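Just so you know, the protein sequences line up as chains A and B, in that order.
Mapping the first sequence onto this note's numbering, position 70 (from 1) lands on 75, and the numbers just tick up by one.
Mapping the second sequence onto this note's numbering, position 63 (from 1) lands on 66, and the numbers just tick up by one.
Heads up, some of the hints might be wrong.
Said to hold, decoys possible - Pairs of lysine to any residue, SDA-like flavour, derived with a Cα cap of 20 angstroms:
#, chain 1, residue 1, chain 2, residue 2
1, A, K219, A, K187
2, A, K187, A, G88
3, A, K224, B, P16
4, A, K187, A, Q170
5, A, K16, A, G67
6, A, K224, A, S278
7, A, K219, A, Q170
8, A, K224, B, D62
9, B, K47, B, R73
10, A, K187, A, P201
11, A, K16, A, P50
12, A, K224, B, Q18
13, A, K224, B, S34
14, A, K16, A, R30
15, A, K224, B, D17
Claimed, not checked - Chain A is faced by these chain B residues, among others (derived, beta-carbon under 8 angstroms):
#, residue
16, H13
17, Q25
18, T30
19, S34
20, V59
As the list claims (entries may be wrong) - Some, not all, of what chain A presents toward chain B, calculated at C-beta under 10 angstroms:
#, residue
21, S78
22, L82
23, S229
24, R234
25, G240
26, V250
27, L253
28, A254
29, R255
30, S258
31, C262
Because the hints were derived from the structure by calculation, they are not lab data.
This one's a predicted model, so the numbers in the text were calculated from it and none came from an experiment.
No residue lacks a Cβ here, since even glycine has one placed at the ideal position from N, Cα and C.
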Amino acid sequence: MSFAPLLQPTKESFFCIYGFTFVLRTNHSESGDAIARLYRQFLSPRVADIGVEAIFRSESDGFRWQIAEKTASASDLRSALWGFESALCEAIIRSQRRLIAIHAAVVYSRDSVVLLVGPSGAGKSTLSVALTQRGFALATDDVALIEPQTLHVHPIPRCVHLDQQSLQLLEAEGFQLPEVWKQAPFLAPIDLGSGPTYQCGAELLIYIARPRAKCPNLKRVSQSEMAARTLSETGRGPLTDSETVHVLARVSSSAACFYLVPGSLSETADMVSDLILQQPPTSTRTEHGRSRLTEFGRTSI
Amino acid sequence: MIRRIEIEAHGLPDQSFLLFDQRSRATIPVSESGGRIWELCDGKHTIDQIVDGLAVIYDAERFQIDLDAREFLAVLERYGFVERQSSFQ
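Isolated chain A, as found in the complex (with noise of 0.2 angstroms):
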C-alpha cells in the first residue's frame, strides 16, 4: 500500500515521547484531537529531526494509517483508531534504547504510584477505570516502562481498552462515557479526568490473576514471586535478560507486593482502592521532566 500525498487539507502535530519523535499528519480532525489528547503532556514544538512520520486518512472507503514503514487500513473508525495507537505505543517501546516494557497499568494516587501487572484479559483496563471512580488517576492500562538505575515508572499513555462487557460492568457500577467518545471511540486517560504524569518508583505492585473468583482474593506475597510473575510480563527490550531480571528484583525491592484474584468489579476495585489508601504515604512524587533519588534494596547476585 502506498500513501500518495494528503490531497484534503491536514493537520499537523508533533510529540516527543521517551526518545520517540514522531510528526502526526491528519485530515481527521476528531482523530487529531484524540492523539493529542492521549500524548497531550508529550506534545512537542516542531523540530528538525523528526524520527518517525505517523499518517491518519480518512478517505472515501474507510480509514488509512501509516507509522513509518508500517501501513493499515480499516472501515470503520474505532478499529482504525485503535490499530494506529497500538502501533504508535509498539513504535515507543521499540525505540526504547535503555527502558524496560512492562505490561501493566499505572494508577497513581495522592502519595503512591500503583502498578496492576497481569495477562491481557485479566481486568487491567476495568479495574483502573473503576479506580478512576474511586478517585484515583489513571496514567496507562497497558504498558509501563521502566528507567533501569531510577527505577522511575514511565507509563506510555494509550486508549482505554473497554470491550463490551467491560462497559457494561463499569456502567453497572455508575460509569458514564464521556462526550468525547460521540466524536471518536477513544479514551484518553485525560478524558477521564487524569492529570499529568510523574515519574517516581512504583510503591505497590499488585498481579492481577485469571480467571476471577466469586470473591475477590487479595494476598501478599514475596518480592521475588512478584518479581518473577513481572517477568512473565516484560518483554525482551534494551537490557539482557540478566539485567532485566536485576532490574525487576530491584522494582519488587521498593515495593509492597500483592497477588489478586479479582470478583466482582465493585468489591475487588473497593478492595484495591483500600489497599492503595492504607499504604503510608511518601513524599516521593516529582512531576514529570523532573528527577528524585530513588533508594531501593539490595540485591545480590
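Following the hints, complete the assembly by docking chain B onto the known chain A.
Structure of chain B alone, referenced to chain A:
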C-alpha cells in the same frame, strides 16, 4: 547437590530469593529457608548435612525438615537448577 553456574540468585529485602536460569529464562521464587538450602548447594554439603544445618536454625522436627528439603531439592533438580553429585549423594 551443586548449583549450576548459569543460575543467578537475587536476594531480596524480604529475605526471599529469586533464582533465574540464564539459559532457559526460567525463574523460581523461593522463600528465605529455600534460599538457605540454595546457598548450601555448593557441592560440599550432602543432603543430610544441609538438613542438619537447617535443623539448627528452624524449630521443627528433623524428619519434617528432611522431607521438605528433599522435596525442594527435587524441584530444583527437575528444573535443572541444581545437579546431583554422585560422589556425595
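These are the hints, each one checked on the structure:
no.: 1; hint: A/K219 <-> A/K187; verdict: violated (34 angstroms)
no.: 2; hint: A/K187 <-> A/G88; verdict: holds (19 angstroms)
no.: 3; hint: A/K224 <-> B/P16; verdict: holds (18 angstroms)
no.: 4; hint: A/K187 <-> A/Q170; verdict: holds (19 angstroms)
no.: 5; hint: A/K16 <-> A/G67; verdict: holds (18 angstroms)
no.: 6; hint: A/K224 <-> A/S278; verdict: holds (14 angstroms)
no.: 7; hint: A/K219 <-> A/Q170; verdict: holds (17 angstroms)
no.: 8; hint: A/K224 <-> B/D62; verdict: violated (26 angstroms)
no.: 9; hint: B/K47 <-> B/R73; verdict: holds (17 angstroms)
no.: 10; hint: A/K187 <-> A/P201; verdict: violated (24 angstroms)
no.: 11; hint: A/K16 <-> A/P50; verdict: holds (14 angstroms)
no.: 12; hint: A/K224 <-> B/Q18; verdict: holds (18 angstroms)
no.: 13; hint: A/K224 <-> B/S34; verdict: holds (16 angstroms)
no.: 14; hint: A/K16 <-> A/R30; verdict: holds (6 angstroms)
no.: 15; hint: A/K224 <-> B/D17; verdict: holds (15 angstroms)
no.: 16; hint: H13; verdict: holds (4 angstroms)
no.: 17; hint: Q25; verdict: holds (6 angstroms)
no.: 18; hint: T30; verdict: holds (4 angstroms)
no.: 19; hint: S34; verdict: holds (7 angstroms)
no.: 20; hint: V59; verdict: violated (23 angstroms)
no.: 21; hint: S78; verdict: violated (37 angstroms)
no.: 22; hint: L82; verdict: violated (40 angstroms)
no.: 23; hint: S229; verdict: holds (4 angstroms)
no.: 24; hint: R234; verdict: holds (8 angstroms)
no.: 25; hint: G240; verdict: violated (12 angstroms)
no.: 26; hint: V250; verdict: holds (5 angstroms)
no.: 27; hint: L253; verdict: holds (8 angstroms)
no.: 28; hint: A254; verdict: holds (4 angstroms)
no.: 29; hint: R255; verdict: holds (9 angstroms)
no.: 30; hint: S258; verdict: holds (5 angstroms)
no.: 31; hint: C262; verdict: holds (8 angstroms)
When each numbered hint is compared with the structure, violations occur for hints 1, 8, 10, 20, 21, 22, 25.
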